[in-house]
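The lines below spell out each chain.
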Amino acid sequence: MDFLGISLPSYSLETVFGSAISGVFLGAIYALVALGLTLIYGVLHIINFAHGTLLMLAMYAVFFLWSVFGVDPYLAMLIVVPGGYLFGYALQRSVIGRTSHGRDEIILLTTLGVSIVLENFALFAFSANERNVQVPYDFDGIDLGVVYIVWPQIAALVGSLLITAALWCFMRFTDTGKAIRAVAKERQGARLMGINVEHIFAVSFGIGTACVAAAASLLAPTYAVFPQVGYLFVLIAFTVVVLGGMGSFVGALVGGLVIGVTEQIGRLYLGESLGLITISAIFILILLFRPTGLFGQRL
Amino acid sequence: MSMLTTMSTGNMQRIGWAVLIGALLAAPFAIHSGRWMEFIELTLFAALLGQGWNILGGYGGQYSFGHALFFGTAAYLQALLQYKLGWSPWLTLWIAIGGSVAVAAFVGFLSFRYGLRGSYFALVTLAFAEAFHVLSRSLVSVTEGGRGVQLPLNQDPEQALATFQFTFAGPFLSEAGYYYTILIFLLIGFAVTGWLNHSRFGAQLQAVREDEDAASALGIDPFRVKMSAICLSAGVTSLAGIYYVQKFLFVDPGIAYGPGKSVEALFAAIIGGVGTVLGPLLGSAFIHIVGEFAKETIGAMLGDRPGVDLILFGIILVLMLAYMPRGLVGLVELLWRKLITKRGGGNA
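Residue numbers (the working numbering), protein chains in the order written: chain A, 1 to 299; chain B, 1 to 348.
So here's chain A without its partners, still in its complex pose (with noise of 0.2 Å):
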């Protein structure tokens, strides 16, 4: 097969469709990480630089509550997950929501400040070295015929799509929820109705953070974590959330899946390495073209 002069492996469709169902099982992984950006964005109208590195942190917490005190990674959730909230909510409390006045770049260039500062304390507290956390059942799995699927992805596609709705269904129906989307609505008519603006922001950024917390848990099975993987998550992040649409819930969920099987595909064709260009790609096209993405509205 030809593309563009470059001559590409051709692939059975089996193997081709095994890749797009093993990029779905990673999707539902990105679909959680973009879900807690997308609500920050659709709430505040920060782009959250630090997203990736909170990520990272949570998955730190992770390792160090498997290593030290031998806690399952997924029953690691329990802390991971009161534990960002509470830590979101106090960094926009205490930094972000005090330095976030003016400009959007220069909000971005705080939460940007905030990753370095969270990174490189990673780097200097736990070194640049790989961490695994390791599970009896890292490998068993069921054979789909085309593809291998272990638990962890499984967990992760279900535990992904089970958040995902609870979270819907919080914003739906209870009173907080309906507070947040006051607020992501119409910011003055939220304050003038009674609700406290700055406790639902930090309220949100909490959420969000408890996003990535739980998507922690349920990526340690399978990824590594060291200082500068939530750079590589943030890129993927923004591209799934500007691909769904800056705000939209149901476009992170979509746009996590499409960009789960994209990537796949593309490191099928394109190698490992060269796989990855396929996000940056989309990633472009999108926003030069259709800034509100797929599902967003506004910008």
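Any given hint might turn out to be false.
What the hints assert, rightly or not - Incomplete in silico selection of chain A near chain B, CB under 7 Å: (1) Leu-108; (2) Phe-121; (3) Phe-124; (4) Leu-285; (5) Leu-287.
What the hints contain is simulated information worked out from the structure, not anything from laboratory work. Bear in mind the structure is a predicted one, so any value in this text is a computation, not a measurement. Quick reminder that beta carbons are idealized off the backbone N, C-alpha and C, glycines included.
Please build the complex by placing chain B on the supplied structure of chain A, with the hints as guidance.
Below, chain B without anything else, positioned relative to chain A:
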């Protein structure tokens, strides 16, 4: 009275510049410690990166998060054309500048044509830098991939100038050759930003930064102005890439297109003061002094581990954005004005 004050301020500025440039030119004669010269050289290098960013970000208000794109493209062209084709570095440097400007024109055309502003422009530049990062790592037959490009070291003093390598260039140049290279490049950066302060184009660029719609209502074409700014910015940034390759004789995907150089440029310009001629140098000097200090104190206390300096830089960046958005230059101006009004008040 006010005329007198501004005039004296202008003269003071001119004298200040003369002293600064004189001191920088004389530094190799006064400082004989190799470690200190290296320190100043790296400060000037970061200042040059910051100055390149400053032209587009500070004067044009277009915040790029991927300025490594222009640094890395120049560095790779400078290294590869020498390594693969054996061309003279004095020829390749023009191609490196040209290539970097061409990439800038391409990215600028796409971004500004489709009206990307603010954070969206920042993200698209980041994405382009990442795309080039992946490409430079993957296209092994062209770029040597993750191994990087290592230029041969010239050990013949006769060939020092021809190879643009000063390590074995005789008693004076081996000490100061690279220092003067980066100093000349930085002075070019100063000249460009100084020109932006006083020229018609600079005024147009700053008008676009303040309010694009108002600027175009006044007959300025924002697209054309921003295109010129990004090309100029890339041109200055490319000089840093050329210096880097000639000095270290090495480049790899992480050095060229990783986030490190983009962040270094941002730090210098924003901490120093965006949209000012002196800001990037001031910012770069400040963070290098803080970094060195951190290494001496915290590093000595906790063992030499990486990351301490960047933690401090990040904290300084966030504090600056929160409390001193005009950077160190803003602070200096504030103190200066207080001094002037005190003196002026006394005279009146």
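To see whether the hints hold, each was checked on the structure:
With a least beta-carbon distance of about 5 Å to chain B, the hint placing Leu-108/A at the interface is held under the 7 Å criterion. The beta carbon of Phe-121/A comes within 6 Å of a beta carbon in chain B, closer than 7 Å, and the hint placing it at the interface holds. A distance limit of 7 Å between C-beta atoms decides the matter here; for Phe-124/A the minimum to chain B is near 3 Å, and the interface restraint holds. Given the 7 Å rule on beta carbons, the hint for Leu-285/A is violated: about 10 Å separates it from the nearest Cβ of chain B.
A hinted interface residue such as Leu-287/A counts as satisfied when its beta carbon comes closer than 7 Å to some beta carbon of chain B; here the least separation is about 5 Å, so the hint holds.
The structure shown violates just one earlier hint, number 4.
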